[in-house]
Amino acid sequence: MKTYIISRLIQAVFVLLLATCIIFCIMRLLPGDPILLYVSQDECSRMTSKEEIAALRHRFGLDKSLPRQYVDWISGVVRGDLGDSIFWGTTVKEEIGRALPVSFYLGIITYILAQFIGIPAGVICAVRRGKLSDTVLTVFANIGITAPVFWVGILLIYLFGLYLGLLPIQGYTSPFEDFWLSTRKIIMPVFCLLLFPVSGTVRQTRSAMLEVIRQDYIRTAWSKGLTERTIIMRHAVKNGIIPVVTLAGMGIPMILGGQVLIETVFNIPGMGRLAVDALFSQDYAIVQGVALVMSTIVVISNLAVDISYGWLDPRVRYE
Amino acid sequence: MSGKNEMYTQVFEEVPPRVSWVKRFARVFFGRGVVVFGLVVIVTLVITAVFAPVIAPYDPYEQQLDNVLSKPSWEHLLGTDTLGRDTLSRIIYGSRTSLIVGIVAICMAATIGMSLGLIAGYFGRYTYTIIMRLIDALMTFPMILLALTIASVLGTGLRNIVIALGISLVPPYARLMCGQALSIKENDYVTASHAIGAGNLYVMLRHVAPNCFPPLIVLMTMMIGGAILAESGLSFLGIGVKPPMAAWGGMVAEGYRYLLTTPVLSFAPGLAIMLVVFAFNMVGDGLRDALDPRLRGTL
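These protein sequence lines map, in sequence, to chains E and L.
What the first sequence shows, in the numbering used here, is residues 1 to 319, in sequence order.
What the second sequence shows, in the numbering used here, is residues 1001 to 1299, in sequence order.
Heads up, a few of these hints could be off.
[As the list claims (entries may be wrong)] Here are some chain E residues the structure puts well away from chain L; computed CB gaps all over 12 Å:
| # | residue |
| --- | --- |
| 1 | D72 |
| 2 | V78 |
| 3 | G89 |
| 4 | I108 |
| 5 | I112 |
| 6 | L113 |
| 7 | I124 |
| 8 | L181 |
| 9 | S223 |
| 10 | T264 |
[What the hints assert, rightly or not] Covered stretches of chain E (chain L as the covering partner; in silico rule of three or more C-beta atoms under 8 Å from a C-beta of chain L):
| # | region |
| --- | --- |
| 11 | 7 to 21 |
| 12 | 140 to 150 |
| 13 | 265 to 279 |
| 14 | 287 to 294 |
[To be verified] So, partial list: chain L residues that the calculated Cβ filter (under 8 Å) puts toward chain E:
| # | residue |
| --- | --- |
| 15 | P1142 |
| 16 | I1144 |
| 17 | G1179 |
| 18 | G1225 |
| 19 | G1233 |
| 20 | L1260 |
| 21 | V1264 |
| 22 | M1274 |
| 23 | F1278 |
It is worth saying that the hints were derived from the structure and are not from the lab.
All values derive from a computational prediction rather than experimental measurement.
Idealized CB from N, CA, C, for every residue including glycine.
Full structure from sequences and hints, please.
Quick look at the structure:
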């Protein structure tokens, strides 16, 4: 087990490197030139001379060969320097330092709530198959994976923000600044972010549990006279949870992805918004930095999933 | 002699008659109202998409600049947008975008992902490591962000959106298929098949793959809906089909700006997305129940 974890750690670093490679290549394939986009943003700089453009290009290292740029970027990352933003004139670290806590706060709340609501609801559905509670929860789960999050956001804004006037409709306030206002502001975004992970977890837990409940060892457990509670908790859930763990690992990129849309709708200055804005202004360094941070988060969660596989399902052998 | 024959007859009579799988499939599939509802919606959607020019009351690109942002009326059932274009007609034409993107992207993603996952899970060792680490690397980016990045590389347009989504949706298939294959190849029937001399390809396609299908079918149909959702997300953010072509997500974004005055502009296309995605999900559920191999030959 220990050697397995160590080898997975090495693989994780390898995956991160692969990911940086992929994002670097995709960004460099972007048509257009960030420098030209940058100098054309205000009127007088239209007259920028070729020499000045070349100087700018040199300053951001864009005149070097692609492999060289990649090596420069990675060695910078290792030293803790993520590069400079071309468009905003700040460092990538500053931008991410501003955006990450916002997204992290929203993401953590969403993730925890999603597991706490999703898994028990899914188990209840499977155990009470065909009963009223199953029907109601399944309908809700189906609506959750069906509705476009950005549209739900707009509906909520219309209903609670504009029509009833109960909640603020835009922006973000740090919980350390004004806890009450911050909480009121994140209710709608978190609700939207929750929809997809919760519904996915409910559906997956339900179908996984239904598979398990039909197995022989569950019948054996019943015939031994164990209580329903023991059978569900000890026998069914532990075996049925494997696909759910995969989904819980996938849930993190799902939440990060949801933030791309939701932060745009609610005008929240998080990582998703930063990535979209940077992508539209072709700010290589920012997009790469955001992608790297997101990748790191996801790699760590994938690692946790893989390790927990062995703990949950001894049939999966490590080679 | 005659006594033995009688015994055989008795045994055979106790076995219930085998039902053909088509019959069984139909009975399970059409047994649930909500699945039939989903199927009806999908059929309607396909008809709408194919016959859009006949069904739509107006030309979706025709601008009536003297009649912008009008409220729903008998003339324009869902009102008009900022350029005076009929919203209902644009929703009808938008069904083409959603349907094409959803189905083609999923087929592309599923074919690539399932093959990769099956090979990785079945062969294990280095094959597993190489394939799955590449998938992991792709998967470390949130799907919508990856699609957004690829789409901005390829540029707008229907084909590019399909490719962007097709690539971004590969990882879940590969991962799920691989996990299933890993678990299933440990089963006795796989060992037994090897023991009677079956080759790798045969075992993979005959024993491992079919047993992976139930969760994959759920995932695939769930993700046709998912792909339609993702497409709407992309076009909501402003990267999608070329304007003036209609896409539901883009229409929601357009309507968002006029939420106070004409909320229907934003509500209606969103509802269309939801209805279609719901239909695909329900049909997926029905397919899962009907394709469950453990129910084969019963009912």
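So, going through the hints one by one against the coordinates:
1. D72: At about 21 Å from chain L, E:D72 clears the 12 Å cut-off, so the statement holds.
2. V78: holds, 18 Å
3. G89: holds, 22 Å
4. I108: Holds: least Cβ distance 16 Å, greater than 12 Å.
5. I112: holds, 19 Å
6. L113: holds, 19 Å
7. I124: holds, 18 Å
8. L181: About 23 Å separates E:L181 from the closest Cβ of chain L, which puts it past 12 Å; holds.
9. S223: holds, 21 Å
10. T264: violated, 6 Å
11. 7 to 21: holds (count 7)
12. 140 to 150: holds (count 8)
13. 265 to 279: holds (count 5)
14. 287 to 294: holds (count 3)
15. P1142: Because about 3 Å separates L:P1142 from the closest Cβ in chain E, which is inside the 8 Å limit, the hint holds.
16. I1144: OK, holds: L:I1144 within 8 Å of chain E, min 4 Å.
17. G1179: holds, 6 Å
18. G1225: With a minimum Cβ separation of about 7 Å from chain E (threshold 8 Å), the hint on L:G1225 holds.
19. G1233: holds, 5 Å
20. L1260: holds, 6 Å
21. V1264: violated, 11 Å
22. M1274: holds, 5 Å
23. F1278: Holds - the Cβ of L:F1278 comes within 8 Å of chain E, reaching about 4 Å at its closest.
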